Amino acid sequence: DAQQQKQVNDIHIVHGWGHEHYVGELTAAYLREHAAEHREKESPSEHSVAARLMADHALTADCNAADMIFLDGDKQLIYSLDNHCKHIGSEDTIQSAKLEVWRAHWTPRHLAVFASLAVVDSYVENVAHGGHMTGKIVFSPRGDIPFTEKAVRAQRSGAAALVVVDGGGCAKYDQRCLPGASKAHDEGFGALDVKAHWDRVHIPVYFILQSEARKLSSDLEFPISSHVHHEL
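Taking this note's numbering as reference, the numbering of the sequence shown is continuous, increasing by one, and the terminal residue is 968.
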């Protein structure tokens with residue numbers, strides 16, 4: 737029970753708009769209300785906590801918005817939520833499309849983001865799909881500026897999270913893709929970057945292979961870029 741309670745305690749909610757809010761801890765009231773629910777089984781369902789968080793925070797999202805997604809930072813997965821308003825909280829819905837992402841070393845492990853999708857250019861200036869960035873999970877191609885600069889620009893525009901999309905040159909989440917770390921070793925990318933640069937970033941940052949991103953939207957098919965920064 738203590739271990740399962742810790743699992744719930746360790747999960748945070750990303751809410752609000754990039755420059756105004758970052759991560760809010762789950763309230764004590766939530767924990768009391770749902771503690772029994774999370775203790776029903778010795779090993780709770782892989783998606784039970786995520787489904788509960790989706791249901792509890794559905795009102796923060798626009799039910800009429802397209803391209804709603806749920807980012808489970810703890811498992812480093814993104815779920816595409818078709819008909820999310822009708823089936824919110826359903827484990828069948830949350831498993832409808834599952835994409836693997838890679839967390840930045842500087843992003844807390846236990847996060848949950850429920851928002852619509854916005855696709856922007858590599859400079860995080862022009863929105864190609866999604867209308868605006870406010871309160872959204874922003875996808876940007878890997879391009880010619882460091883990840884930290886992308887993140888700062890996204891949070892200034894109100895993004896809830898940033899997902900950087902590879903140009904197609906990476907096959908795995910490893911050192912060949914982003915030097916200095918390997919997801920297989922449970923390492924976040926960017927660990928060798930200058931800490932002061934990441935101190936400016938107050939939204940969660942993830943990286944996704946283009947092969948994964950294409951499963952989510954054809955708008956995420958970006959051209960291959962051969963340019964690699966010494967610092968991410």
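Hint data in this document are derived by calculation from the structure and do not stem from the laboratory. Remember, predicted model here, so these are calculated numbers, not experimental data. Hints are supplied without guarantee of correctness; some may be wrong.
Derived CB-CB ranges, DEER-like [what the hints assert, rightly or not]:
no., residue 1, residue 2, range
1, ARG936, VAL863, 13 to 23 Å
2, GLN911, GLY867, 30 to 40 Å
3, VAL930, ARG892, 31 to 41 Å
4, LYS834, HIS865, 16 to 26 Å
5, LYS931, ILE881, 33 to 43 Å
6, ARG892, ARG912, 10 to 20 Å
7, LYS834, HIS921, 20 to 30 Å
8, PRO915, HIS868, 16 to 26 Å
9, VAL863, HIS921, 34 to 44 Å
10, ALA932, HIS865, 15 to 25 Å
When the alpha-carbon atoms are kept at most 27 Å apart in a straight line, the in silico DSSO-like pairs for lysine-lysine are as follows [as the list claims (entries may be wrong)]:
no., residue 1, residue 2
11, LYS951, LYS931
12, LYS919, LYS951
13, LYS834, LYS919
14, LYS908, LYS951
15, LYS919, LYS931
16, LYS931, LYS834
17, LYS811, LYS951
Backbone N, C-alpha and C define an ideal beta-carbon position, used for all residues, glycine too.
These are the hints, each one checked on the structure:
Remark: the range hint 13 to 23 Å for ARG936 to VAL863 is upheld by a beta-carbon distance near 22 Å. A hinted range of 30 to 40 Å holds for the C-beta pair GLN911 and GLY867, which are about 37 Å apart. Checked against the hint of 31 to 41 Å, the pair VAL930 and ARG892 fails, with Cβ atoms roughly 20 Å apart. Between LYS834 and HIS865 the CB atoms are about 21 Å apart, so this pair conforms to the stated range of 16 to 26 Å.
Evaluation of the 33 to 43 Å hint for LYS931 and ILE881 yields a failure: the beta carbon distance comes to about 19 Å. One distance hint, 10 to 20 Å for the beta-carbon pair ARG892 and ARG912, is violated here, with the actual separation near 32 Å. Separation of LYS834 from HIS921 is about 22 Å and conforms to the stated range, judged on CB atoms against 20 to 30 Å. The given range of 16 to 26 Å is broken by PRO915 and HIS868, whose C-beta atoms sit roughly 33 Å from each other.
In this structure the hint that VAL863 and HIS921 lie 34 to 44 Å apart at CB holds, the actual value being about 35 Å. A beta carbon spacing of about 33 Å between ALA932 and HIS865 contradicts the range 15 to 25 Å that was offered as a hint. Restraint check: the Cα-Cα separation between LYS951 and LYS931 comes to about 33 Å, which exceeds 27 Å; the hinted pair is violated. Annotation: proposed proximity of LYS919 to LYS951 holds, straight-line Cα distance about 20 Å (limit 27 Å).
Distance hint between LYS834 and LYS919 is fulfilled; the C-alpha atoms sit about 17 Å from each other, no more than 27 Å. Restraint check for LYS908 and LYS951: the C-alpha separation of about 16 Å stays at or below 27 Å, so the hint holds. Under the criterion of a C-alpha separation no larger than 27 Å, the hint pairing LYS919 with LYS931 is consistent with the structure, at around 20 Å. Taken as a hint, the LYS931 and LYS834 pair is broken in the structure, with Cα atoms around 31 Å apart against an allowance of 27 Å.
Note on LYS811 and LYS951: the hinted pairing holds, with a Cα-Cα distance of about 18 Å set against a maximum of 27 Å.
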